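Visitor: Chains A and B are the protein sequences, given in the same order.
Note that the first sequence covers residues 1 to 232 in the UniProt record's numbering.
Note that the second sequence covers residues 1 to 454 in the UniProt record's numbering.
If you're looking for bench data, these hints aren't it; they were derived computationally from the structure.
From a predicted model like this one, the values you see are computed outputs, not experimental measurements.
Heads up, the beta-carbon is just placed ideally off N, CA and C, and yes, glycines get one too.
Any given hint could turn out to be false.
Unchecked claim - Just some of the chain B residues that point at chain A, by a computed CB distance under 7 Å:
#1 N9
#2 A11
#3 L12
#4 K13
#5 M141
#6 I342
#7 A348
#8 R349
#9 E449
To be verified - Between beta-carbon pairs, the in silico distance windows are:
#10 B:V308 <-> A:E79: 18 to 26 Å
#11 A:D78 <-> B:L330: 55 to 63 Å
#12 B:R444 <-> A:G26: 27 to 35 Å
#13 B:I417 <-> A:R144: 22 to 30 Å
#14 B:V436 <-> A:P118: 26 to 34 Å
#15 A:M192 <-> B:M16: 44 to 52 Å
#16 A:S43 <-> B:V422: 55 to 63 Å
#17 A:E139 <-> B:V436: 24 to 32 Å
#18 A:S43 <-> B:R444: 24 to 32 Å
#19 B:I381 <-> A:E79: 54 to 62 Å
Stated by the list, open to error - Some residues of chain A that are not near chain B, with every Cβ distance over 10 Å (derived):
#20 H11
#21 D58
#22 S81
#23 N85
#24 N96
#25 L137
#26 R140
#27 N177
#28 S180
#29 E196
#30 D207
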Amino acid sequence: MELTAKLVDLHKHYDLGSVVVKALNGVSLDIPKGDFLAIMGSSGSGKSTMLNLLGGLDRPTKGEYFLSGKNVATLTDDELSAIRNSLIGFIFQSFNLIAQYTVLENIGVPLLYRPGYPAITPEDQDRCNELAKMVGLGERTDHRPYQLSGGQQQRVAIARSLINDPAIIMADEPTGNLDSKTGEEILGMLKMLNAEGRTIIMVTHEDEVAEQAKNQIFMKDGLIAGTGIFKG
Amino acid sequence: MPNLLRTINMALKSLMLQKLRSGLTMLGIVFGVFSVIAMLAIGEGASKQAQEQVLQLGASNIIVVSVEPPEDSSSGSSSGSIKRYGLNRDDFRVLQKTVPRLEGIVPVREVTLNVRNREFEMNPRIVGCTPEYQDMNHLEMVMGRFLSDEDMRKLANVVVIASDTATRLFPLENPLGRTVQISNRAYRVIGVTKERTASAAIGGSLSGQDYNKDLYMPLDTFQSRINNKDTIIKRTSGSFSAVSLVYNQITLKINHPNIVDEPDVIIATAEMVRETMDKNHGVKGDVDVIVPLELLKQAEQLRNIFNVVLGSIAGISLLVGGIGIMNIMLATVTERTREIGIRRALGARRIDITQQFLVETIVLSGTGGIIGVALGLATPIAFRFIKFIVENYIMESSTAQSDMSQMFLNMTPQIAIWSLPVAFGFSVLTGLVFGVYPARSAARLDPIEALRHE
Chain A
1 MELTAKLVDL HKHYDLGSVV VKALNGVSLD IPKGDFLAIM GSSGSGKSTM
51 LNLLGGLDRP TKGEYFLSGK NVATLTDDEL SAIRNSLIGF IFQSFNLIAQ
101 YTVLENIGVP LLYRPGYPAI TPEDQDRCNE LAKMVGLGER TDHRPYQLSG
151 GQQQRVAIAR SLINDPAIIM ADEPTGNLDS KTGEEILGML KMLNAEGRTI
201 IMVTHEDEVA EQAKNQIFMK DGLIAGTGIF KG
Chain B
1 MPNLLRTINM ALKSLMLQKL RSGLTMLGIV FGVFSVIAML AIGEGASKQA
51 QEQVLQLGAS NIIVVSVEPP EDSSSGSSSG SIKRYGLNRD DFRVLQKTVP
101 RLEGIVPVRE VTLNVRNREF EMNPRIVGCT PEYQDMNHLE MVMGRFLSDE
151 DMRKLANVVV IASDTATRLF PLENPLGRTV QISNRAYRVI GVTKERTASA
201 AIGGSLSGQD YNKDLYMPLD TFQSRINNKD TIIKRTSGSF SAVSLVYNQI
251 TLKINHPNIV DEPDVIIATA EMVRETMDKN HGVKGDVDVI VPLELLKQAE
301 QLRNIFNVVL GSIAGISLLV GGIGIMNIML ATVTERTREI GIRRALGARR
351 IDITQQFLVE TIVLSGTGGI IGVALGLATP IAFRFIKFIV ENYIMESSTA
401 QSDMSQMFLN MTPQIAIWSL PVAFGFSVLT GLVFGVYPAR SAARLDPIEA
451 LRHE
């Protein structure tokens, strides 16, 4: 089985001066290619820290994390940026679109930071338009975020996460700010992307959302407390 | 390069989002650049004016002037004593004989006396001079003629009056052929000179001259009728003062075809004149030698000082503008922390963020610079406006204008072309210098923290 990510005894400690917060306490995990993994847990369980590490936004204090064969702990800040740009697509709970940009421009933001800064070609532009159409915003490409509903904004974020055709999609509570019906739509999109062969890693605290994933892990006190859905 | 264009485009978008704030931030730079250009233009204008005035004195001239010695305290009050000083006939003869390459020598004696035409009267400067005086001071005629050699020979009782003098003494009639009274003697007006811009005071001993309130008379007529026994007595109520003086000024014109390339000849001749004068007047210190060519060099130095002083003052305003920009950019970085986090998550490297904010600052200051340059080009118009205000509302016209204000008002700002790119360059540089810190602090933000920022 081909692995997308491999975590070996991963620790993450935050030194806050007077106290050291141990957010992760030795997590080991294999994430196979094409997985749809839901990371669950209450707040403070370490699930956000886990996603930050998985997404290459942070480096572990101790342990090893292999992403596409590279040990993330040893990468420089610039190398991590390159990985985030081309290997990973991010979807956030609060959408995180750039306010002064239109839908189309927001979708294209990751194009600005491709390694080596290749020029933005007409093909790139076409792809932005295609993705906008795919997420159902083909008619609203020149709208700005404040003119869109939450669900629409999240769909822009999904289109944005796909622009550099990443192998992995990291979704942090993607349905957290949406009503259940819109949430369903977004989850449906994620499932579709998973079906295309992309690995999806999603953090959520809602069982109903986690159930839609292929695999679930439950985090507690910086450790994986179990797999599957924990009822109650 | 396409990347830079992209970043500039990005910066413009962000700046347009906060038009008012961007505009206000820019204002500091706008005024900074404007004042740099304006100050340098004023400095340049002042020095050009000084140069022109010096050149009007004649670059190949050497001017010897009588200097009134300070009030002698031992002789008590001025009443009763005769003040004796200055250039005399011996000086004139010595200069005439000894100065090499002498092309012309023009002695002048002047005094301010009451002149009247019936009920009209005024106190003009009465100048006893030779016909060469006209050329030397670039006087043009409106009507009649200037003094002639024949007038000199005949000791003719004739005068030439300047434009203001003419309007004051002859408000209702053509002055030509009329007479004026000076100390109960009548003189016939043979010419009126055209209006001429006043010259400012130069050096210590050459005072400013307002040529428009003059009255010219053949020197010999002046010496025999007014400067009687070389002495002029002025009576005022209760006391009188007497001055014994032959010449106020002797101007030597040196024949030298190439002054520009070989100024040393004039300087050397001037040195010789100084030595000669020192022999006769050194102790009393009542004679001064002025060399316009030397003054020209001083004017050049003056310009440099002007430029440095005014430039630094303007530079400070540019600095203040830069600090303003830095302040706003720091606030912007805090405000846009989340955007920075998003960009970082989407793959922006630290350098990308630094570049983004730096370019934004430079676009801001550069735009301010361009506007400032445009305003700077309007300096002469602004100056004319200020001059208009000063002349019409602040200063009562023609009363008590000091030489300094006179000089200021007569001056035209000269925009130094080099100051335009330099001032613009400084505005960009200001953006660069004051943008580095905010941009770096933006790039240093932890992406996770930044994403969490509300």
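Visitor: Of the hints given before, which are not true for this structure?
Guide: 1, 2, 3, 5, 9, 10, 11, 13, 15, 17, 21, 22, 23 and 24
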